[in-house]
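Okay, here's what each chain looks like letter by letter:
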Amino acid sequence: MITFDAVTKAFPGGNVAVDNLSLELPTGQITVFVGPSGCGKTTSLRMINRTIEPSSGTISIDGEDVTAQDAALLRRRIGYVIQHAGLFPHRTVADNIATVPLLNGVNRKQAREEAVALLGRVGLDESLAGRYPAQLSGGQQQRVGVARALAADPPVMLMDEPFSAVDPIVREGLQREFLRLQAELGKTIAFVTHDIDEAVKLGDRVAVFREGGHLAQVGTPQELLDDPADDFVADFVGRDRGFRALSFITAERLEVEPVASYVDRGHGARLVLDDDGRPTGWSVDGTEGLRALPGTFTAEDALRLVTDLAITSPAGAAVRVDAGGVADGVVAHEAIARHLTALRHEAPR
Amino acid sequence: MIDYIRGNHARILEDLGQHVWLSLVPVVLGAVLALPVGYLAVRYRWLYAPVVNTGGVLYSVPSLALFVVIPAIIPVGVLSPLNIVVALSVYTFALLTRTVADALISVQGEATWAATAMGFRPVRRLLSVELPMSLPVMMAGLRVATVSNISLVSVGAIIGVGGLGDLFTRGLQLSFLEPIFVGIILSVLLAALCDIAIVLLQRRLTPWSRAGAR
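Residue numbers (the working numbering), protein chains in the order written: chain A, 14 to 362; chain B, 147 to 360.
The hints are simulated quantities; they were obtained by calculation from the structure and are not laboratory data.
Hints should not be assumed to be uniformly reliable.
Reference listing, derived: stretches of chain A covered by chain B, where coverage requires no fewer than 3 residues with Cβ under 8 angstroms from a Cβ of chain B [said to hold, decoys possible]:
(1) 85 to 92
(2) 95 to 103
(3) 134 to 144
Label-pair restraints from in silico Cβ distances [what the hints assert, rightly or not]:
(4) A:Gln235 to B:Arg356: 48 to 58 angstroms
(5) A:Gly26 to B:Leu204: 33 to 43 angstroms
(6) B:Leu204 to A:Glu66: 37 to 47 angstroms
(7) A:Glu126 to B:Leu339: 35 to 45 angstroms
(8) B:Ala338 to A:Ala130: 45 to 55 angstroms
(9) A:Gly118 to B:Ala211: 45 to 55 angstroms
(10) B:Ile219 to A:Glu224: 33 to 43 angstroms
(11) A:Gly118 to B:Arg356: 24 to 34 angstroms
(12) B:Trp259 to A:Ala23: 41 to 51 angstroms
(13) B:Ala195 to A:Thr233: 47 to 57 angstroms
(14) A:Leu192 to B:Pro196: 26 to 36 angstroms
(15) B:Val215 to A:Glu126: 20 to 30 angstroms
(16) B:Arg356 to A:Asp166: 33 to 43 angstroms
Please read all numbers here as calculations on a predicted model, not as lab measurements.
We put the CB at the ideal spot given by N, CA and C, even for glycine.
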């Protein structure tokens, strides 16, 4: 666990970047620091590995005050990933990844072998080991940056806007794999971003900072979306927070109509299945051919996806499938709306 | 000209040999001195302006004046080859301190920041991150210093130790063009050879600097 206890950072000239911050980052979880620029989120992150020293207050990792430790040795036990990766241009990919083990005195051959093995872990081909960073794409460089941070197997990782500089499609892939990796590794992670969508997607807990280095609210993404502490947080999480909150409710209890009997009232659309019972499309009365399905959902998927599927469906309904892809139910707009109403009555505030 | 070379090849070779060490020893001495001073000018930023300005002033002192001033400051004879070596070392030093400082400043960025954040101590960061990254710029400065030294050595002929420059004074005294041509050709060839050698060395040392272009 990383603990901030009444931490303040004032820069020479009187600019207070972080003001009396007290915050706990639970072990094995991702805590996202999010907020507008100049809110002190990056300064807070950097005080953990002492690349910035606090003016007052203490930061401890598992009860040990970081300022009582040798800065260089402390940093080698904390993985660090930055925007644009910050790879060493003069070192090969393998040597970049092996950086911290080499600093720790691991012999070169062993460090390189482990580095090559890590490439696979972050979704890169081992053939890239001998390349230089300039020969990689931005997304590949960022993966190498993550591998480099993981190389010495540190219990704590600091990530400073690691995915901000890549295009949205690459970013999505990186985020997905980051979550998969974290599910395997269970690191204690502090993650800085200015993007509330990224914060909600990746954070087990999200700390929202406001200008002047104040912590506005900390909680799970759902708590933040359901119950913002004040106007600033409500504004920051955005106008569509209600819709986004559906990301955290699964379709488990959503009632479905049987596939065979479902007929769309408006267009008279029916779901067409193949011989194995998998949905192939909608057939609409009076027209030739099939209308494509926008997709399907399972009971584990979020209501956000179900709602989206229903809105984009030519029949105004989303199709549920089982693990084998066999259609086992259909749910229309109206049923989703009824379900949301029921949920609200269930949890009055 | 062929006849002149046949008749004087021993003398020419001796001049060439002298030219080589008179020009290259100062390159090494100047570079060795410029590295720590350039580093200090970056490490302590307030030193940067005085160091770079001093370098600029030193470089603008005419070489003849330097040949006279140096023996007044340190115990070398005016006509000693050491006088030339010291003078040219001063020029190289003046040229390279700025190159070293600017090269080290130019590499400050995400990679050096990442190095600090991953637990490099300052000396190791300098030796294994900042210096290697700044090599391409430093080598460019070294090329300029080397070529300029090779051409400057000839001035030493005025005080009788000028390597190939002695061929020029001889040619002038005897109103005889051959030695002057031989001197110019050898001097240019030597500069070109040294330049190529440094470029090859740099390719060897910094294979990564051309990696992005492939």
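Cβ contact check, 8 angstroms cutoff: the segment 85 to 92 of chain A against chain B, three residues minimum: holds (count 5)
Range hint 33 to 43 angstroms (beta carbons of B:Arg356 and A:Asp166) holds or violated: Holds, at about 34 angstroms.
Range agreement (Cβ of B:Leu204 with Cβ of A:Gly26, hint 33 to 43 angstroms): Given a distance of about 37 angstroms, which is inside 33 to 43 angstroms, the answer is holds.
Range agreement (Cβ of A:Ala130 with Cβ of B:Ala338, hint 45 to 55 angstroms): Because 48 angstroms falls inside the window, the suggested range holds.
Supplied distance hint 48 to 58 angstroms, evaluated on CB atoms of A:Gln235 and B:Arg356: At roughly 51 angstroms between Cβ atoms, B:Arg356 and A:Gln235 fall inside 48 to 58 angstroms, so the hint holds.
Cβ distance range 35 to 45 angstroms for A:Glu126 and B:Leu339, holds or violated: holds (43 angstroms)
Satisfaction of the hinted span 47 to 57 angstroms by the C-beta atoms belonging to B:Ala195 and A:Thr233: Given about 54 angstroms between the Cβ atoms, the range holds.
Outcome of range test on Cβ distance (A:Gly118, B:Arg356; 24 to 34 angstroms): holds (32 angstroms)
Range hint 26 to 36 angstroms (beta carbons of A:Leu192 and B:Pro196) holds or violated: violated (53 angstroms)
B:Leu204 versus A:Glu66 beta-carbon gap, inside 37 to 47 angstroms or not: Given about 40 angstroms between the Cβ atoms, the range holds.
8 angstroms C-beta test of the segment 134 to 144 of chain A against chain B, three or more residues: Since three or more residues must qualify, the claim that chain B covers the segment 134 to 144 of chain A is violated, with 1 doing so at under 8 angstroms.
Verdict for B:Trp259, A:Ala23 (Cβ pair) under range 41 to 51 angstroms: violated (22 angstroms)
The earlier numbered hints that this structure contradicts are 3, 10, 12, 14, 15.
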